[in-house]
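Sequential numbering from 2 applies to the sequence shown in the numbering used here.
For the record, the hints were derived by calculation from the structure and aren't laboratory data.
Every residue gets a Cβ at the ideal spot worked out from N, C-alpha and C, and that includes glycine.
Please note that the accuracy of each hint is not assured.
Here are the simulated distance ranges between beta carbons [as the list claims (entries may be wrong)]:
1. ILE78 with LEU130: 28 to 38 angstroms
2. PRO19 with LEU61: 56 to 66 angstroms
3. HIS100 with GLU64: 20 to 30 angstroms
With a cut-off of at most 20 angstroms between alpha-carbon atoms, the simulated SDA-like pairs for lysine to any residue come out as follows [claimed, not checked]:
4. LYS80 with VAL126
5. LYS80 with LEU90
6. LYS80 with VAL48
7. LYS80 with GLY97
8. LYS80 with TRP137
9. LYS80 with LEU120
10. LYS26 with GLY43
11. LYS26 with GLU109
12. LYS80 with VAL134
13. LYS80 with LEU98
14. LYS80 with LEU130
15. LYS80 with GLN68
16. LYS80 with LEU56
17. LYS80 with LEU45
18. LYS80 with THR50
19. LYS26 with SER36
20. LYS80 with GLY133
21. LYS80 with GLY49
22. LYS26 with LEU45
23. LYS80 with ALA132
24. LYS80 with TRP55
25. LYS80 with ILE37
26. LYS80 with GLY106
27. LYS80 with VAL70
28. LYS80 with GLU112
29. LYS26 with MET54
30. LYS80 with GLY66
31. LYS80 with ILE46
32. LYS80 with VAL136
33. LYS80 with ARG115
34. LYS80 with VAL52
35. LYS80 with PHE47
36. LYS80 with LYS26
37. LYS80 with ALA58
38. LYS80 with SER36
39. LYS80 with ILE129
40. LYS26 with VAL44
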Amino acid sequence: MAKGPNVNWLPVKDDNRPVNLDLTKFHFPLPAITSILHRISGVLIFVGTAVLMWLLAESLSSEEGFQRVGEWLQSPIVKFIVWGILSGLLYHLIAGLRHLLMDAGIGETLEGGRRGAVLIIVFSVISILIAGVWVW
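I would like the entire structure built from these sequences, with the hints used as guidance.
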């Protein structure tokens, strides 16, 4: 029999209680919501970069391509897509600044996390609305 470290030091509960995996039943605190949104906005930026690069390549392909992209950008659907990508970028930037401040030791307490989350929401809403006015 092989000898090794004893790993039975953690208490183990052997019961048959049901596990609730319905995420709609959980109440997430605001810092958790802002953290999840930060990750989602990163994915949006990743996908949105491909869209923006395609538009750039099309506009640089020829004079006709440039005119086509100019016409597409007048469409409300394309404006909404560009605004969505820009919104994700702004939110990710603001939430990322909070993470940098936390790396510097600022806002690491429970109360600091809550205040930081509120500030993220406030500054993001303001900047996203300004971006919406600019795009439209």
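A quick look at each hint next to the structure:
1. The hinted window of 28 to 38 angstroms between ILE78 and LEU130 is violated, with their beta carbons roughly 20 angstroms apart.
2. Judged by the Cβ atoms, the range 56 to 66 angstroms given for PRO19 and LEU61 holds: they are separated by roughly 58 angstroms.
3. At roughly 43 angstroms, the beta carbons of HIS100 and GLU64 sit outside the given window of 20 to 30 angstroms.
4. The suggested pairing of LYS80 with VAL126 holds, with an alpha-carbon distance near 18 angstroms, which does not exceed 20 angstroms.
5. In summary, the hint linking LYS80 to LEU90 is supported, as the alpha carbons are separated by about 15 angstroms, within the 20 angstroms threshold.
6. Taking the CA atoms of LYS80 and VAL48, the gap is about 16 angstroms. The hint holds against a cut of 20 angstroms.
7. Taken as a hint, the LYS80 and GLY97 pair is broken in the structure, with Cα atoms around 25 angstroms apart against an allowance of 20 angstroms.
8. Proximity of LYS80 to TRP137 is assessed by CA-CA distance (about 7 angstroms); at most 20 angstroms being required, the pair is judged to hold.
9. Our distance criterion of 20 angstroms between C-alpha atoms is broken by LYS80 and LEU120, whose separation comes to about 27 angstroms.
10. Only pairs whose Cα atoms come within 20 angstroms are accepted, and LYS26 paired with GLY43 is rejected, the gap being roughly 26 angstroms.
11. Taken as a hint, the LYS26 and GLU109 pair is broken in the structure, with Cα atoms around 27 angstroms apart against an allowance of 20 angstroms.
12. About 11 angstroms separates the Cα atoms of LYS80 and VAL134, which keeps this hinted pair within 20 angstroms; it holds.
13. Our distance criterion of 20 angstroms between C-alpha atoms is broken by LYS80 and LEU98, whose separation comes to about 27 angstroms.
14. Under the criterion of a C-alpha separation no larger than 20 angstroms, the hint pairing LYS80 with LEU130 is consistent with the structure, at around 14 angstroms.
15. The straight-line distance between the Cα atoms of LYS80 and GLN68 is roughly 16 angstroms, inside the 20 angstroms bound, and the hint therefore holds.
16. Proposed proximity of LYS80 and LEU56 is supported: the alpha carbons are some 12 angstroms apart, at most 20 angstroms.
17. Restraint check: the Cα-Cα separation between LYS80 and LEU45 comes to about 16 angstroms, which is no more than 20 angstroms; the hinted pair holds.
18. For a cut-off of 20 angstroms, the pair hint linking LYS80 to THR50 stands: about 15 angstroms separates their Cα positions.
19. A hinted pair counts as satisfied when its Cα atoms are at most 20 angstroms apart, and LYS26 with SER36 qualifies at roughly 19 angstroms.
20. Proximity of LYS80 to GLY133 is assessed by CA-CA distance (about 9 angstroms); at most 20 angstroms being required, the pair is judged to hold.
21. Pair hint LYS80 plus GLY49 holds up; C-alpha atoms about 13 angstroms apart against a cutoff of 20 angstroms.
22. Distance restraint check for LYS26 and LEU45: the Cα-Cα separation of roughly 26 angstroms exceeds the 20 angstroms cut-off, and the hinted pair is therefore not satisfied.
23. Simply put, LYS80 and ALA132 have alpha-carbon atoms about 11 angstroms apart, close enough for the 20 angstroms limit, and the pair holds.
24. At most 20 angstroms may separate the alpha-carbon atoms for a hinted pair to count; LYS80 and TRP55 meet this at roughly 15 angstroms.
25. Using a Cα cut-off of 20 angstroms, the hinted pair LYS80 and ILE37 is violated, with the two alpha carbons roughly 25 angstroms apart.
26. At roughly 39 angstroms between alpha-carbon atoms, LYS80 and GLY106 are farther apart than 20 angstroms, so this suggested pair is violated.
27. Proximity of LYS80 to VAL70 is assessed by CA-CA distance (about 12 angstroms); at most 20 angstroms being required, the pair is judged to hold.
28. Of the supplied pair hints, the one linking LYS80 and GLU112 is violated, its CA atoms being roughly 38 angstroms apart against a limit of 20 angstroms.
29. For the hint pairing LYS26 with MET54, the CA-to-CA distance comes to about 40 angstroms; that exceeds 20 angstroms, so the pair is violated.
30. Proposed proximity of LYS80 and GLY66 is supported: the alpha carbons are some 18 angstroms apart, at most 20 angstroms.
31. Among the hinted pairs, LYS80 with ILE46 is consistent with the structure: their alpha-carbon atoms are about 16 angstroms apart, no more than 20 angstroms.
32. Simply put, LYS80 and VAL136 have alpha-carbon atoms about 7 angstroms apart, close enough for the 20 angstroms limit, and the pair holds.
33. Under the criterion of a C-alpha separation no larger than 20 angstroms, the hint pairing LYS80 with ARG115 is inconsistent with the structure, at around 33 angstroms.
34. For the proposed pair LYS80 and VAL52, the alpha carbon gap of about 12 angstroms is at most 20 angstroms, so the pair holds.
35. Among the hinted pairs, LYS80 with PHE47 is consistent with the structure: their alpha-carbon atoms are about 18 angstroms apart, no more than 20 angstroms.
36. For the suggested pair LYS80 and LYS26, the alpha carbons sit about 36 angstroms apart, so the restraint of at most 20 angstroms is broken.
37. About 18 angstroms separates the Cα atoms of LYS80 and ALA58, which keeps this hinted pair within 20 angstroms; it holds.
38. At roughly 27 angstroms between alpha-carbon atoms, LYS80 and SER36 are farther apart than 20 angstroms, so this suggested pair is violated.
39. Taking the CA atoms of LYS80 and ILE129, the gap is near 14 angstroms; set against the 20 angstroms cutoff, the hint holds.
40. Of the pairs offered as hints, the one joining LYS26 and VAL44 is violated, with about 25 angstroms between alpha carbons and a cut-off of 20 angstroms exceeded.
When each numbered hint is compared with the structure, violations occur for hints 1, 3, 7, 9, 10, 11, 13, 22, 25, 26, 28, 29, 33, 36, 38, 40.
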